[in-house]
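> Chains as they are written, first to last, in numbering that gives the first Met the number 0: chain A, 0 to 83; chain B, 0 to 402.
Label pairs and their in silico Cβ distance ranges:
hint, chain 1, residue 1, chain 2, residue 2, range
1, B, 286, A, 73, 46 to 54 Å
2, A, 2, B, 335, 50 to 58 Å
3, A, 44, B, 156, 24 to 32 Å
4, A, 73, B, 123, 58 to 66 Å
5, A, 44, B, 175, 22 to 30 Å
Hints in this document: simulated from the structure, not taken from any laboratory. Just so you know, these numbers come straight off a predicted model, no measurement behind them. Ideal placement from N, C-alpha and C gives every residue a C-beta, glycine not left out.
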Amino acid sequence: MRNTLAKLIAFSIVQIAPSKFQTPYVVAIVDGEKGERILVKIKNEYFGLLRAGLEGEIKEESVDSDKFNFFYPKDKVKSDSERI
Amino acid sequence: MKKQVQRYVRYRRINRKRRCIITPVGVVSFSHSKFGKLPQDLPSLLQAGIEETISNVENGIDQSEIDLLVVSNVDNQLSNQHQLGTLALRYLRSPKADAFRIEAACASGGMAVYVAKKMIEMGSAKNALVVGVEKMTNITTDVATSILIRGGSPEEIYYGVTQPSAYAFSAQLYMEKYGSTEDDYALVTVKNHRNAIRNPWAQFHKEFTVDQVKNSQIIASPIRLLHCSPITDGAAAILLSSNPKKYTDNPVYIKGMGVGYDTMGVFERDDPTFMLATKIASDKAYKCAKVKPNQIQAAEVHDAFSPAEIMTYESLGFAKRGEGYKLLRERRTMFDGDLPVNASGGLKAKGHPIGATGIGMIIEMFLQLRGQAGERQIPNIELGLVENHGGTGATSVVTILGR
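Produce the complete structure using the sequences and hints provided.
In structure tokens form, the structure reads like this:
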């Protein structure tokens with residue numbers, strides 16, 4: 000699946016959740032390229048960057064046997080690719 | 000066109016031609032348990048709710064006159080009991096009564112009353128006993144939250160969007176969009192806890208300051224522990240009748256009632272800060288009652304999470320969009336304001352035994368309208384509104400009550 004550009008609309012850092020979810024974790028709403036609303040996860044290492052309007056990419060990734068959409072902030076995506 | 004707008008346009012088109020059925024359905028009796036951690040099991044709470052409601056009928060009622068028994072209960076896993084309708088019949092000596100259970104997440108109570116009222120209006124029943132019951136404290140918080148997450152959309156459940164985090168999306172966006180602050184959310188908690196001091200049924204009789212709320216534990220940012228309604232046991236029941244004057248000289252009438260729906264997931268909404276289901280439900284209720292929002296003198300609204308109370312003000316038409324928080328800053332929804340909201344203490348402080356909640360809210364307004372609310376009586380009230388919503392506002396039931 001091709002990565003999709005997206006913009007962060009709202010997010011929440013979840014501290015208390017049912018034990019099947021490992022806290023803390025971030026869930027968020029983003030707007031996709033066509034303005035569609037998409038539910039995503041965001042990796043904890045990006046806590047400090049999060050703000051409404053943040054641009055980035057959505058990548059589908061597997062976690063154990065489940066598949067989730069993950070949002071990667073744009074600047075982070077750029078620096079990762081420069082490193083490569 | 001965006002989904003929420005499409006939904007509202009479709010509703011307006013259909014509803015323009017819809018007429019209200021004018022059958023005077025009245026509330027004639029009630030029972031209400033204490034809310035909190037209770038020693039009784041679910042069948043005992045159910046039994047007490049039914050038997051006390053019957054014995055509280057002022058002019059008396061033969062049990063065989065009750066031809067409908069509706070049970071509001073959210074999750075059988077909380078109580079390990081199926082067939083609650085049939086179980087409830089064990090406590091009612093009426094061979095002709097139909098009985099069943101209704102579930103609409105936190106809106107179950109309101110929905111059970113709505114269905115019972117509809118059946119009376121259609122002539123399928125004359126007297127309906129609606130009982131809400133929930134036993135939540137007999138399981139761990141972890142199990143309870145695993146059950147409560149089911150109020151969201153399938154996608155939200157899959158991603159771990161807990162109820163607090165779903166409300167967090169709306170609460171965060173609302174602050175960014177309209178310039179409200181965490182202090183405004185804290186004020187909802189402060190107000191409702193202060194109100195609950197006057198309510199002997201309330202789970203909590205403890206006041207908090209704005210700073211205490213703002214420094215309480217983060218559950219799902221920006222939602223904090225003191226924004227969250229508690230886990231509660233409790234039961235509440237009312238008797239509805241098509242001939243209220245037969246059973247009491249002091250009935251309270253359902254003047255208007257409406258149900259509205261929105262997307263299951265908050266993420267699917269083009270404006271997550273607006274409670275569309277509540278807007279649709281209240282439009283219907285106002286139309287049937289032939290009243291405007293500015294005629295409502297008191298309200299009980301669904302503050303499962305404190306920020307939701309502010310958003311609900313706007314959907315009910317009490318405030319313009321984006322200005323709900325100003326009602327609190329101007330003290331208008333405080334107990335001594337011109338539109339007291341949640342005089343009972345609300346879900347936050349009175350407690351939230353999910354299946355019983357919506358019925359408990361109607362009982363509060365019933366007592367206020369009869370002048371029987373004790374220390375928390377709002378003076379000279381003739382028209383009150385109750386808003387009870389499920390999930391993160393995917394289902395909403397609005398009831399307007401009056402004398």
